[in-house]
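Protein chains in written order, with the working numbering: chain F, 1 to 145; chain B, 1001 to 1879.
By construction, these hints were calculated from the structure, which means they are not laboratory data.
Honestly, I wouldn't trust all of these hints.
With a cut-off of at most 35 Å between alpha-carbon atoms, the simulated DSBU-like pairs for lysine-lysine come out as follows [unchecked claim]:
1. F:74 / F:3
2. F:74 / B:1771
3. B:1771 / B:1641
4. B:1641 / F:134
5. B:1603 / B:1641
6. F:134 / F:3
7. F:3 / B:1771
8. B:1850 / B:1771
9. B:1771 / F:134
Letter by letter, the chains look like this.
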Amino acid sequence: MTKVLVIDDEAPIRLLCRVNLEAEGFDVIEAGDGPSGLELARAEMPDAILLDVMMPGLDGWTIAERLLEDEATKDIPVVFLTARADLRDRVRGIDAGGVDYITKPFNPVDLAALIRDVIEAVDRGDRETLRREKITELRSLLGGA
Amino acid sequence: MLRLLPRLARALGRRRPRARTTAAGDSFRAEQQAVLLNAAHAVTSELEFESVLQRLVDEVLALLEADAADCWIFEPGGRSLRCRAVKGVPASNVGRQIPAAGTIGQAIETGRPVLTHDFARSENPPPSKPYSVFEDVMVAPITWRGEARGALGVCARRPGSFAEHDVETLEVFARFASIALHNAESFQERARQARIERGFFRVADALGSPLSLGETLDALAQAAAEALGGDAAVVFEPKDERLAVAASHELGSGLSTGAGGLSASALPFSVDPGDVRIVTSSSLAHDERFDEEWRRALVAEGYRALLSAPVVSGKRQAHAVVVLFVEERTFTDDDIALARHLADAARGALERSDLFEAERRANTLSQRLAALGARLVTNLDPGVVLAEIAGEAPILLDADAATVRLLEGDELVVRATTGARTGLAEGTRSSSGSGFLGEVAQSRAPAVVEDVRTTPRASRTDPLLGEGMSACVAVPMVTHGGGLLGVVTVYSASPRTWRDDEVQALTALSVVASAALANAELYQRVAEEKERNDAILANIADGIVAVDRDERIVLWNATAEQITGVPVEEALGRRVPDVLQRELSSADEAPGEREITILRAGKEVFLSLTEAVMSDSAGAVAGRVFAFRDVSAERRLEQMKSDFVSTVSHELRTPLTSIYGFAETLLRSDIAFGETERDTFLRYIASESERLIAIVDDLLNVARLEAGTIGMAMGATDIAEVVDEAVANASEAANGGHSFHVDLPADVPRAEADREKLTQVLTHLLENAVKFSPDGGTITVSGRGKAGSVEVRVSDEGIGIPRSDQNRIFSKFFRVDAEPLSGVPGTGLGLFLARGLLAAMNGRIWVESKEGQGATFAFELPAWRSSARELVPAETAGR
């Protein structure tokens, strides 16, 4: 079963993710802050991580960098959950090793399909292609702004 | 001389047979021949005419053992003989003149020696009284070139002293005498020729170098005297119908100082340029062509002859050079030719000296002009320039006064004067359109008055001409563009003519003066403009920095000092990168407004910068000017605004995510939720909606606070109730991460406040306390009553607030920028709202904190007084 780790300080959002992903057959584990999220990632080796950016203590970008630095976790695809409106913040997420991002508020019904696609792409070895596409997309948005 | 000796020997030899009567006679004659030869040698070895004469009488007296001897020479004209040397009679006889009569006359007439044995009785009259003692007198004529020139005589008291052979001896000696005198005269003539030749050279030399007129005339007098062998010379020049002594050489004082000069008729020659005759007088004493008085004066000074030559040069009236001689003399063709040569040379010299004088005048004028010009153009005060012009103009023309008039409207106004009594004219006005000055102004051409008596109209427009000034020259001052600036007038107290070069010099002065005035006025304007610019630059809100072509800073205004923190004295002369650690100029050539950052005391300062490039006439970069504003505050505000938007967006999106997400989840038809799950979802929707409302309320309150339209429901508010409610909410939200402690004594008075707003304030303070103590800890809320007020304190054990931020935390959008808090949510409005709401309730808030040691936010509110009104109008509460 595909295992997804959700790291978010907002309990309702963790619940949202869990309910909708489990309904589509995912195994969901949760962490309410950065340190426990990192610990859980190493312990459970999830297939994907949904990572909130704005959290007290360790923020999402730092957590992503730590995951990338760790040989055990560096290959786990990270999808950012961000409520930040600024495009530069999203670029920063991809730069920190994220493969995709979801902007809050989001429709939780689409969550499962997105995670599945990301995992498949990464499994195909298209992880970097995906990141480059996102960066290009964001840059064109930034340039046009 | 050597050729004569064999003849002499033959003559003596011929006489020998007749003298061979006695041995004693033979012996005597041999002795006498030896003496004669010695004497002949002696006299012929002399070259000086006068010395030869004296030697003749000395030798002949010794030769013939006479008691006296004398020598007579014909005067010029041959009418009489003059005694030239004596021996044995008093020297006073020298100079005596006698006619060629008696013994001497006979000797000259026959050309043979004459011996008279009874001279004392037969000679009538004797040459002089001392001669009456002589019995034997022997006279031989002296002749050369076949002409009798004089006679040589010997005298003896004893009768029979001279024999026939003595006559022969005297005759032979007289021939030697003739030779010696002829030699001496030839020598003298050659000496004279040499002197004349030297004279030529002197004339050429003295008159050849360019000299002033005075020096040329002095040289002429000297050259004339020396060339013609004269004893003195004088140069006359015509002056006011008379002849004045212009120069002289060796002239007796009685003549050279003749004041007023001679009447023009005193000389038999005119100084008319057409009269080029050379006049000579060999014997002045009897020459009645000359004015008697002058002639007598000349004779009294010892002059006996003269030669006069006219010197004509150019259009000038002739000078006359007169050479004077102490002896009567005849003038040869050579003398006349020499005089003509002298006159010619003198004419050339005078023409040169005219040029020289003109050049010298021009030089003097131009030197004065140049010096004055240099002084004028370096002077930058128009008043001083005017005074300089007025002061220098009369000096330039050797005149007495000057005025400078400036054109004001259509009048010429005297603005500067020099000279006696000209001060009266200061400020006087005259028309620039009519009258003498008006003509100068209108024609832009100089005008002169030589004598105001003959130009009375000039005095009508120029008051000075009636008041002691008799002549003037006026020149216009014209601007570069041809406009009239004014008129410079120079005055002379006595009538005078104004030379062309003087008028030209004054015109040149006025040109320089006009330029100097224009300069000074321009400078004045530029100086004023600069002062104005300096004032503007000093007070301008922008920093202004200018660099020259070498990129050295030449301007650094006060605002630039403030913005950069670099004092002007540290900036000037250095390069921008050395002062600011970065360039200001942009690499690209089309710079608009740019934003750059510099470091001021280690802190980043944002500058909005514009740049202008100054180009010189060749198109090269001559310098750059930078204007900049400190936009750091604006940038910080913008950053805070941008952060705020981002933060608010986040704060709004987070509850919205739950609301939207749970709503969509509940709408899923593919999942069947249980009752508990549905309740949980709906509770989240409700609580997140409340959170959303609270945020929106905060934003609204901020807007109302700023607009002053927030409504306050003031009333007696129980602090304990409000604290308990707020702590309960906070504790729930904190989710067990913090422990809460409330310390409120029972006697804390009620506050005068809006209960709901006070709850908001406390909620924000508690939320902050939780947020900024991420590692948990105890949050303490305490309260106490003070005189007339209630104080509440919220303390945490969190990260604290840096001192530098403590003043800013209450401003809108401000959020403490600290690494462990980068992800902490919040709008940055909490403390801003708390302060605003408390102020609206007549309270105040402050913070006490040390970085890393937690923070205490404290506020106080007025204690409730029963007399206080229940409701405070919104308008006043918002203050």
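Here is how each hint holds up against the structure:
no.: 1; hint: F:74 / F:3; result: 16 Å, holds
no.: 2; hint: F:74 / B:1771; result: 31 Å, holds
no.: 3; hint: B:1771 / B:1641; result: 21 Å, holds
no.: 4; hint: B:1641 / F:134; result: 28 Å, holds
no.: 5; hint: B:1603 / B:1641; result: 21 Å, holds
no.: 6; hint: F:134 / F:3; result: 24 Å, holds
no.: 7; hint: F:3 / B:1771; result: 32 Å, holds
no.: 8; hint: B:1850 / B:1771; result: 17 Å, holds
no.: 9; hint: B:1771 / F:134; result: 33 Å, holds
Of the numbered hints stated above, none is contradicted by the structure.
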